[in-house]
Amino acid sequence: MKAHTKGNFHQTAAPLLFLLPNILIFATFIIIPAIQGLRMSFTEWGVFTEPRFIGLANFSELLGDEVFWKTFSNTLVYSLFTVSLIMVYALMLAMLLHKNSLKGEKLFRSLFYIPSLLSMITVGIAWRFILGDEMGIINYLLRTMGGDGVRWLTDSKLAMVSIITVSIWAQAGYYMVILIAGLQAIPTELYEAATIDGSSAPRTFVSITLPLLRSTLLVVLVLATIASFKAYELIAVMTKGGPGYATKFIVQQVYQVAFLEDRLGYASAMSIVLMIIISLFTVVQFKVSGKEKSYE
Amino acid sequence: MNKNKTLSILQYALLVLLALATLLPVLWVVLSSFKPQSELFRVPLTFIPKDWTIQNYQSSLRAGNFPVYFSNTVFVAVVSTALTVLINLMAGYALAKYIFKGRDVIFTIMIATLMIPLQVIMIPIFLQLKNLGMLNSLWGIIIPPAATPTGVFLARQYLVTLPNSLIEAARIDGAREHTIFFRLIVPMSKPIVATIAIFSFMWRWNDYLWPLIVITDNRKQTIQQALANFVGQLQINWSDLLAMTTIAIIPVIVVFLAFQRFFFSGIAAGSVKG
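Just so you know, the sequences run in chain order F and P. Sequential numbering of the first sequence, starting at 1, is according to this note's numbering. Sequential numbering of the second sequence, starting at 1, is according to this note's numbering.
Keep in mind the hints are simulated off the structure, nothing from the lab. Treat the hints loosely; a few may be bogus.
[To be verified] The calculated lysine-lysine pairs, modelled on DSSO-like cross-linking and capped at a C-alpha distance of 27 angstroms, are:
#1 K287(F) <-> K130(P)
#2 K106(F) <-> K190(P)
#3 K130(P) <-> K230(F)
#4 K230(F) <-> K157(F)
No experiment lies behind these values; they were computed from the predicted model shown.
Using the sequences and the hints given, assemble the complete structure.
Below, the structure written as structure tokens:
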């Protein structure tokens with residue numbers, strides 16, 4: 001045994017043993033399946049049938065698959081609106097709640113965070129109860145005020161709007177917490193200097209807050225985008241992808257083609273498309289986090 | 001001065017309004033679960049139940065397998081959390097306090113697995129679990145997601161800051177490596193253990209996709225699965241469903257209220273740097 005000058009310890013057996021459970025799990029349940037998934041995307045494969053190599057046939061079929069592209073564009077639309085609105089809303093909450101000077105600030109933070117604690121299944125159930133056509137409270141209130149009930153979840157355009165709104169409601173608090181941490185990391189001297197220079201509040205926001213919050217905003221952007229591409233539970237509970245295909249997203253389509261239509265190879269090809277999108281955003285996140293470290 | 005004051009009153013008003021919009025949906029569900037079935041949809045609707053009752057809870061506890069789902073979920077969440085904390089702390093310790101060949105490569109690969117969430121490997125995971133005979137077993141939900149890149153990352157970041165001198169002193173005293181870990185490192189890691197444990201518990205309690213892929217046997221299902229099935233029926237028994245939903249929400253709220261300070265610091269550490 002010899003001690004390293006930095007105090008770290010040179011050894012191979014002990015650390016590898018400590019790492020063993022994680023390495024085994026990562027290898028068995030992430031890395032091997034990922035490689036397997038890639039291989040499967042070039043095959044025709046059912047649960048009970050032997051795989052057959054068919055080259056790029058799945059991918060060329062995918063190019064002409066209208067349902068897949070419908071779910072793809074649904075996911076994009078959902079992602080675009082959910083992510084951008086979450087960012088605006090969460091940033092607004094964070095701006096109001098990061099100063100540690102407002103009375104009740106901590107209580108407000110906790111209140112806004114509460115929906116993030118709930119599973120997407122329970123969120124979906126709660127909102128289906130609230131938005132029900134006949135018996136939901138929102139339509140009840142609309143009717144008592146003399147209006148008509150609205151088909152929140154059964155009209156093809158409104159269903160998407162409802163899903164997006166509920167997603168924002170459910171997740172904004174989480175991103176608010178990240179943004180508050182980012183805002184609190186901005187040195188207060190900068191704000192003091194701006195005040196002395198007579199900078200207006202909007203001006204300070206644009207020229208100090210936004211630039212210094214850039215990397216945090218980017219992290220929020222990436223995390224929210226990845227989450228939006230993984231979305232599944234909310235739709236499963238609230239609309240089942242309907243009406244028609246109006247709110248069907250990629251993950252749900254993969255699940256259906258794989259496990260209900262028993263086309264594992266073809267569904268794997270769809271997964272690969274999803275994996276490429278998610279990987280791209282994760283790489284951006286790594287880049288940003290790396291930069292963050294170099295500032296410290 | 002005056003301007004500032006009006007602004008802050010406006011801010012308060014806005015915050016109160018938004019907080020109500022955030023909380024009322026949850027309160028509506030919870031309060032409705034205490035209404036008798038006859039009152040649930042009776043016009044005019046009332047926010048506070050007129051006749052408080054716990055009959056929905058009694059009937060949902062009798063309905064089908066709900067107690068089984070509940071105990072399955074408790075088992076999965078508790079065992080998974082213990083396993084996640086242990087193996088991620090071990091991995092974080094190996095990466096933080098030893099020098100060995102391939103250390104940085106292993107760390108990079110572990111973090112890079114963030115790129116491959118379950119949603120993109122559902123199909124090969126399903127086949128892998130089938131091959132290993134882990135389908136329809138609670139262990140199939142517990143073990144595969146127990147190693148988490150974020151957990152390893154948080155553990156490593158924390159352990160790097162612990163002084164090496166203590167570990168060296170223990171070594172000089174003749175302590176073996178595993179003894180150092182369990183007797184010295186684990187007791188010093190309480191804050192990070194708490195953080196990882198809380199997030200693991202919350203995630204497992206709320207998770208739907210893993211159970212969906214692993215479990216088809218009705219008696220092995222978790223609460224979230226049961227809720228999703230319940231809401232998928234043609235005729236939804238809302239009284240029972242709202243009671244079950246409230247039961248599913250209570251543990252996460254309790255954990256949050258008890259460990260609030262870990263939540264916000266944990267999110268900041270795990271996301272901004274993860």
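| Hint check against the structure, violated hint numbers in rising order | The structure breaks only hint 1.
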